Each structure stands twice: as C-alpha cells, then as structure tokens.
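Trainee: The chain contents come next:
2 protein chains.
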Amino acid sequence: MSEPLPVVVGGSIAIDNVKTPTAEETNLLGGSASYASLAASYFTSPVHLVGVIGHDFPEKHLQMLESHGVSLNGITRSDGASFTWSGEYHENMNDRTTHNVAVNVLEDWTVSLTPEVASAPIMVLANMSPQNQQQMLEQSTAPERFVLADTMDLWIGIARAELEEVLKGIDLFVINEGEARELAGTTNLIQAGKILRAKGPRYVVIKLGEFGAILFGPNEDHHGLFRFSAFPLEEVADPTGAGDTFLGALAGYLASLGHLDFSFNEIRDAIVRGTVVASYTCEAFSTHRLEKLPEEELLARLELFREMSCW
Amino acid sequence: MSEPLPVVVGGSIAIDNVKTPTAEETNLLGGSASYASLAASYFTSPVHLVGVIGHDFPEKHLQMLESHGVSLNGITRSDGASFTWSGEYHENMNDRTTHNVAVNVLEDWTVSLTPEVASAPIMVLANMSPQNQQQMLEQSTAPERFVLADTMDLWIGIARAELEEVLKGIDLFVINEGEARELAGTTNLIQAGKILRAKGPRYVVIKLGEFGAILFGPNEDHHGLFRFSAFPLEEVADPTGAGDTFLGALAGYLASLGHLDFSFNEIRDAIVRGTVVASYTCEAFSTHRLEKLPEEELLARLELFREMSCW
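Chains as they are written, first to last, in this note's numbering: chain G, 1 to 311; chain Y, 1 to 311.
What the hints contain is simulated information worked out from the structure, not anything from laboratory work. None of the values given here were measured: they were computed from a predicted structure. For each residue, glycine too, the CB sits at the ideal point set by N, CA and C. Please note that the accuracy of each hint is not assured.
Some chain Y residues close to chain G (C-beta under 8 angstroms, calculated; not the full set) [as the list claims (entries may be wrong)]: (1) Gly157; (2) Asp269; (3) Cys310.
Label-pair ranges, simulated between beta-carbon atoms [to be verified]: (4) Y:Arg96 to G:Arg160: 23 to 33 angstroms; (5) G:Arg306 to Y:Ser112: 42 to 52 angstroms; (6) Y:Gly178 to G:Gln131: 39 to 49 angstroms; (7) Y:Asp261 to G:Arg306: 18 to 28 angstroms; (8) Y:Asp56 to G:Arg306: 48 to 58 angstroms; (9) Y:Glu59 to G:Glu266: 51 to 61 angstroms.
When you get a sec, could you build the whole thing from the sequences and use the hints?
Mentor: This is the structure we're talking about:
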C-alpha cells in the first residue's frame, strides 16, 4: 500500500442562508471548496483548502474544517465581506431559487498558491470561475498530477471560452445533466459524455442528481461507460453541496491510492465513494451530517449501496 | 430445472402512427400487450395474448407475433375499427404529444378468457383500463398465481378507485416516476414506493425512463430496495413500448424459473432482463428491433450491462 497523496482543493468558501419547505437556517458553512475539502479529508491527508474569505467569516466554520485535518494555510483573508448565497428549495427538493448572491471578496480574488500547496499532485478545481480554475492550473508545480474540475451553468453562459480552455488541462470533469447537454450541444447524454471527453478530459462524469451518475472513460470493454445510481434517501433535508461533496470524496479516495495512473475501475470505485459520501450531505443542512461521520458507518453504507446496486 | 410456466398477457393491441424529429412511420404494430407478449416470448412458452382488434388490423402483425410463439387464441376480433394511437416525440425523445387516440373497439371490450388462458399461473395486466384488468383478475382460475400490472396517468385520473382495487389483487406493480408521485401523494420516490406497496402489491417497480428503475420489496437486508440504471443508448429511434417490453420480459423471465415463490433476488434478476430487452425496443420503430433479437446478442448485452453497473 502506497502513502496517500496530498490534495489541493480550490473553490468558493461561502456563508449560506438556506430555506427548505420545512426549515430555515442562516450563517451556515457553504461553498464548493468547503464541502469538497471536508469530504476529501475522510480519505487522505493533507488536504489543502484554497479560497478567499472576508472579515465576517465565522471562526467556528474554520475550526470545524481544521479539526478534520483540512489545512487552512491556502485561504486568503480579505477585508471585504464574505461570499454569501441565500436560496430556497421547493417541495420536490430538486428545484431551487437563488434569492441573493453577494459575490463580495470573490469578485477580485486571484489565486496565489504557496509552494507546498502548488506541489500537491491531486488538484481539485471545485466550482468557481474558469479564470480562477486556470490560475490554479498554471500555478501547479507538481511534475505529474491528476486534476479534477467541476463547473456550473453560470460559467457556461458567461465564460464558455475560458471553461473550454480549462477542459484542455484537466483529467476528470464533473458536470451535471443539464449543463452537459448545454455544453455538448446534444440532448442525448451518452453522446454528450463523448463530446465532452473530446474537449480534453480523459474522464467525464455526468451527474444525474437523485438518479446517480454516468462515467465516461477510456475503457473500450464497457464501451467506456459506467452507470451509477445514487444512494436512495427517504428524507432529504438540504441537498446543497452534494455535488461538491461527491467531487471531494472522489478526489480524496483517488489520493488515498498513492499513485496517479488510475485504472478505469479505480475511477469507478472512487465515484462509488463520492456518491455515498454525498448522500450524507443531503441528510442535514450544510456540513452538519458530513462533519460527524464515523468510518464504520461510511463503510456500512458503502456495502449496503453495493448490495442495492449489483447483482 | 423446472418447466417454464405459461404466461397470459392482457392489454391493448394497437395500430400506431409515430413521428420523431427524424422519421415518421404509420400502420405500425403498437399496444401494451403486443410489446409485452413479444418480450415474454423470449423467455417462456406458451405466451397467451389477450386483447381486442378490429376488422382493419394488419394480418402481418399477427403473423409476426405467432412466428415468435405468441398464442393468439385469446384475441377477440371485432367488427369495428382497431384501437389507434398517433403521436409525436420531441427533440429530447422523452416528451411526446398524442395527436389522436381512436379508442374504437377497445371502448366496449369485456375480457373473456378461455379455460386454457384463464389457468395461466403468470398473469400480466399490461396497460389498459383498471376495469379490464379487474376482469382478467376475476377470471383467473390458477390455484396459485403471480400477477404483474402496469398502468398510466390517464387511469389514475379517471379510474383511481378501480385502480386501487386492482392493486389489492396483484403481486408486482410497475409504474413510472411521475405516476408514482401522483398515486402515492409524495414527491420522494423512496417514500412513494413504500406507500404503493402498502396498497397491496408485494413488489413495486418505479420506472425512471433513461435513468432506470427502483425495486421495492420485502427484503429488510437491503432496506427492501434495489436500484437499476437503464442500458445506455446513444441513439433512440422510438421509445414507444419500452415500458411494456420491460414488463413482458420481466414476467417472461419469472415464468422461465418454473416456480411462483420468487425470492427478492429473482425479481431483481428479472428486472435486469426487462431493462436490457427494453433497450432494443428503443432502437427502432415499433417492434422492428425487438422482433429480430438473437439469443446470443441478448446474452452479450446482459453481460455488458452487468459490467457497466456492478463493481
């Protein structure tokens, strides 16, 4: 067994205010990199968190991350107000309305990696502007690396050329169903996956929310495909951050393998972990469930998920 | 290995006129029982088809079914015009518009099973009115039986009480996602499955279209759940009948086992077959692909599907 590899996770670190049909909570830990780094911390160490926070960012959120071994040295502290998202989920817990996005300190942020962070061989470009993602890529000093990236519909709309540039430099791209159809220009998801792979990444994962995900990769035996269901949940408290958790756990598991030349089946196993860890994020607001996850519980759910999905 | 059991499939036998974004065909074989009986014929024999056709029904459709060993003795021939459906699929191949439904001979049809057909231990109530489904149930003379049923949104709207009565008499209920949410009165699919099981059937299968299906049954080890993806298709020519094919193959495989006290894992294996056989229906208009399906091709796709879904 090789030593786990260091991971760097860059993205947003936010204050979230979330409303659902049954509850409402404010001043929560949010942001793509917060969820992703916490999820990765269950599989590997060190996990370097890269992002920007304002003067008003709650210390308790940082303490929680640190208590999980997430390194905060890569966080920039700015005089402005923290990036804040306020949104509301509707009855089906899938559709949501964003009431307010205060970009604040994120607006003028330029990534600046310390030498230690820049050398991490597993790099996660969680959802943030393609410009920030490109800055991270360009500052990487790892002689060999595996880069995972996520995005959102906003960037496809306003920074498509920059996003396409990022795609040329990464190894694994995670994107949700609707965004995949838009970016690939086709309604058929199997075609979309192949079109997105042709833009650069060796692996593409199309996320289907409660219906799971599809992995596309260089595996001719399986037509290059693997299909996953999501772990079924009877109660969804707050799905915010599920996709970011998925990405972080996926990256963390890969880092735990201690090498970079992943096989198709290793990527597949990583996605299984991502799917199951993401299910915990949905069970409570913010990271409240994810931050209290005993290893034996995670292992039991992983086994249950296999029994529910494989024959 | 026990002898395969006889299956009876009741439902609609239709003439379909189908338009897609790229093609249009008329005078096609359609109807829930046509697809289901043909699919079942790949696994067991005899398969008795029960339904009503008009004077104008194309003989070639009947000949095709007969060439697959489907017994046509249970078909009622009426003087009226055949049940006809005309519809159009939109760009994403999921949404469709029904341009015309000519109920014709189906309007006054009352099920009347011959003694041989009535004694079949595996009974499939493919999509038709709950009144016709109840007639089939009441005429069954099998001392022990396993009954599978499907429905559609129309019946939930106009014959809900009759449908709920049917649910009390069946063993496995197949329903699509939107209908399940409506009939169960909840947006959460896991809750919906459990609510529907409480209405009577020991097993419930919620179909998710291209995203697969969820099986709910009496298996406490897996929380009573199994999740399936659909077989991924790059080109969908015409999805009409995919759900009916799924149901028929599922029933045919169960019949091939030669007993009626199915385990959870046998139901699971049957759904795997249903999913894979249904993928062929989507590859061409009407039953054109399904009716030309060499066994070795089906077995190869079944194995490929397992490799794409299990770890």
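Trainee: Take the hints in turn and mark each one as holding or not.
Mentor: Evaluation of the provided hints:
For the restraint placing Gly157 of chain Y at the interface with chain G, the shortest Cβ-Cβ distance is roughly 20 angstroms, beyond the 8 angstroms limit, so the hint is violated. The interface hint given for Asp269 of chain Y holds, since its Cβ lies 6 angstroms from the closest Cβ of chain G, which is under the 8 angstroms cut-off. Because the smallest distance between the Cβ of Cys310 of chain Y and any Cβ of chain G comes to about 4 angstroms, under 8 angstroms, the interface hint for this residue holds. As the Cβ distance of Arg96 of chain Y to Arg160 of chain G is approximately 31 angstroms, the hint placing it in 23 to 33 angstroms holds.
Separation of Arg306 of chain G from Ser112 of chain Y is about 48 angstroms and conforms to the stated range, judged on CB atoms against 42 to 52 angstroms. Restraint check, Gly178 of chain Y to Gln131 of chain G: a C-beta distance of roughly 41 angstroms satisfies the suggested window 39 to 49 angstroms. Against the hinted window of 18 to 28 angstroms, the Cβ-Cβ separation of Asp261 of chain Y and Arg306 of chain G comes to about 26 angstroms, which satisfies the hint. A C-beta distance of roughly 53 angstroms is found between Asp56 of chain Y and Arg306 of chain G, which places it inside the suggested range of 48 to 58 angstroms.
The hint said 51 to 61 angstroms for the Cβ distance between Glu59 of chain Y and Glu266 of chain G, and at roughly 56 angstroms that hint holds.
Violated hints amount to a single one, hint 1; each of the other numbered hints is respected by the structure.
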